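Here are the chains, one letter per residue:
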Amino acid sequence: MPKAVSRKPTYMAYDKFTTLKSTAVPLPIENVDTDQIIPARFLKATTREGFGDNLFRDWRYNGDDTPKADFVLNNPIYSGKILVGGHNFGSGSSREHAAWAIYDYGFRCVVSSFFADIFKGNSLNIGILPVQVSPEFLNKIFLAIEADPKAELEVNLEQQTISIVATGESESFDINGYKKHNMMNGFDDIDYLQAMKEDIQQFETQRIY
Amino acid sequence: MSKQASTLFDKVWDAHVVRQIQDGPDVFFIDRHFIHEVTSPVAFLGLKNRNVGVMYPERTFATADHNTPTINQHLPVQDPLSANQLKALEENSAKHGISHWGLGHAQNGIVHVVGPENGITLPGMTIVCGDSHTSTHGAFGAIAFGIGTSEVEMVLSSQCIMQPKPKKMRVNVNGILGKGVTAKDVTLYIISQLTTAGATGYFVEYAGDVFENMSMEGRMTVCNMSIEMGARGGMIAPDQTTFDYIEGREYAPKGEKWDEALAYWKTLKTDADATFDKEYTFNAADIEPMITFGTNPGMGQGITNQIPSGENLGSGKATYEKSLNYMGFHENESMLGKRIDYVFIGSCTNGRIEDFRAFASIVKGRKKAEHVTAWIVPGSHVVEAQIKEEGILDILTEAGFSLRQPGCSACLAMNDDKIPAGKYAVSTSNRNFEGRQGPGARTLLASPLVAAAAAVTGVVTDPRELM
Ligand code: SF4
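As given, the protein sequences belong to chains A and B, one line each in that order.
Sequence positions in the first sequence follow this note's numbering and run 8 to 216.
Sequence positions in the second sequence follow this note's numbering and run 426 to 892.
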C-alpha cells in the first residue's frame, strides 16, 4: 500500500510537477463519484489533513472498519502514485475534499478516459494532475497492469505525454498552458489574483449589483 | 459592423470577464458568493496563512445547512465535529464582516433555497458556492455553479475565480406536460437521455414552452439538477414570471433601481440567430412521472417501465451490474409495487413550498403507510412558516406525518438523518449514489408526487392513480 503523505496546510499549495514514473493502482469502475471517493460524513474537519485515511471509505472498509479484502487499495500487490480510473471519474459533489483525499493518500496523478469538470478543476488547483487518455489507451493501461501489477507508467508534463514503460506505448494529453505552467512551478491562482487586485477593483466599481 | 449574435450565457459570461489569460482560463468576476459550514473553513484558514482579508464581504452570504440537525435546533449541536464547523462559520463570518444566517436565524435554511427567497439571486449575476447544486440559481438567468474550496478562497480574497469558458448547449422541451408530471420528472427525464456525463464541459440553457410555462420553483428544480448530467450549470432566460417572483423581496432592487434592473434583465435572452455547440429537443408528451433504479441520477425511467437490461453496455456492463446489485434490483423487473422503507421530501431540489403543496395534495385524506418512516424537511424557515400558515401541516399531521426543521438533512446525510443500510428510500433530493443517504442506503429519486404516493401506499406507486 502506498504510504499516506500528509501535506501541511500552508499556502505553499503543492510541490512542483514535472515528470512522474510510478506503478499504478487500477480502479476500472465507471462514474466514480466524489461521494465514493470521500463520503459526506467524513467532511467535518476544518483543516485539509488526514482525508487519505477515508479515501474510498465504504469500498475499502466494512461497517465494522475491517478492510474489504477484494478492494484494490487493500491489495498489497498494487501501489504507486498514479490512480487509474474508469470513464467519467469524479462526478457529483464539488467537494475538494475528494481531491485532498486522493492527494493525502499519496497519489499525484489520476488517469481516466473522461473526468467530471469540477473534479478536474479541483485537482489542478491542489496539485494532482488529471490525465485524460483515449478509451483505447486506458484499456491498454488496465491490461498492462493486469499482466504485471508492477508495470510502470511515465507521465511527462512538459511533453504532455503518458507512456507504458514496458511496451513504450505512449499517448499525448491536453492541458491548458496556464495550468501547465502553474503545475510545473508550484504556483497557484490565488497569488496570480492577488497581483491583479487593482484591475479587479476597477472592474468592481462598474458592476450594477 | 453588425453585432455578433450571442446567447444568454455569452451575454452574462462576457460581462464578467476581468481578464483573458492567453492559453488559459478567464479571470471571472463573481457578484454573489454563498458559503456554508462544510466547504469554507479551509478557505478561511488559507486566508489566514497568506495573511490576506476578504475583499468584498458584502458580496458573500453565509448560512448553516449541511450538517445541522433537523430536530431540536434550539439545543446545542450534539456532534462535536459539526458544532466545530458551525462555530468556525460563525466566527469567520463575524471576523470578516460577512452576514451570517446561523442555526435558529429566521432567514436560515439551505443555501440554494434562501438565496432566491430573499432576493439575493438576481438575473444576469454570477453566483458561486462550494456546493455543486449552486446551479439552482440559474433559474433566474444567472450564471451559477459550484466550486471547490481553493476557489472559495479565491473568491473571498479577490472576488474572482479562474474559469475557462464552457461550451454551450441548449435543451428544448416543447409541448404540454401530462398529469402528474412535474419539473423533477422533466429533469430526471433529460438526465436519463443525456447520461450523467452527457453535458460535461457545457453550460446548458433550457428553452421551450415547458420551461416558459413553469413556475420559478419548478425552474429551480430543473437548473438544480443540471450538474447531474455533468453540466457546469443550467440557466433559463428571465421573463415576467421571474420578475414577479423577485419583486419586493428583501435584497431585490427597489424604486428607480428596480426599473433600471428590469430594463437590463429584459435584454437577457438568446438572440434568434445565435448558435450552440450542441442542442437537444424533447417532447413533453414523452415524459412520465420518473423514478431512478440505479446508483446515478442518469439511471432513471418512467415509473411504469421495466428496469432495462444491460445487454448492450459493453465495457459499462460490469458497472451497471454492480449498481443493480447494490440496489438489490434485477434487469427487466418492474419498479411499481416495490416495497420501500423511507420517504424523504426536502433538499434544495424539492424543498420549497410548491413541493410540500404537491406532497400534501396526495396525502390529504389518506394515511401514512405504517412501515414507512417519513422525513419531511422544509428548505428554510420561511418555507416552514408557509407550511404552517397554509394549513399543510394540518394535512400532514392528520395523515400521520410530522415536520422536521430546515436543513440539507438526508440529501447528504451528514447529520443524523441517515437511511439505514439496505433500506429503500424514495427521495426528492438529487443524488442516488451509493451511500449518499447513509452507508448502504438505497435511494430512489423522484418527484414530491411520487414520494407522496409511496409514503401512503408503502410501495412504489404511480401517483396518477391517486390524483
Ligand atoms: S440539500 Fe443537498 S444538494 Fe442541496 S445544498 Fe444541501 S447537500 Fe447540497
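The reader is advised that the hints may include incorrect statements.
Distance ranges between label pairs, derived from CB positions [stated by the list, open to error]: (1) B:Gly753 to A:Ser141: 29 to 37 Å; (2) B:Glu756 to A:Asp72: 30 to 38 Å; (3) A:Asp72 to B:Gln618: 36 to 44 Å; (4) A:Ala76 to B:Glu814: 55 to 63 Å; (5) A:Asp77 to B:Thr700: 20 to 28 Å; (6) B:Arg674 to A:Thr212: 24 to 32 Å.
Keep in mind the hints are simulated off the structure, nothing from the lab.
If you're wondering where the values come from, they're calculated on a predicted model, not measured in any experiment.
Beta carbons are placed, not taken as given, at the ideal position from N, Cα and C, and that holds for glycine.
What are the numbers of the hints the structure violates, in ascending order? When the structure is compared with the hints, only number 5 turns out to be violated.
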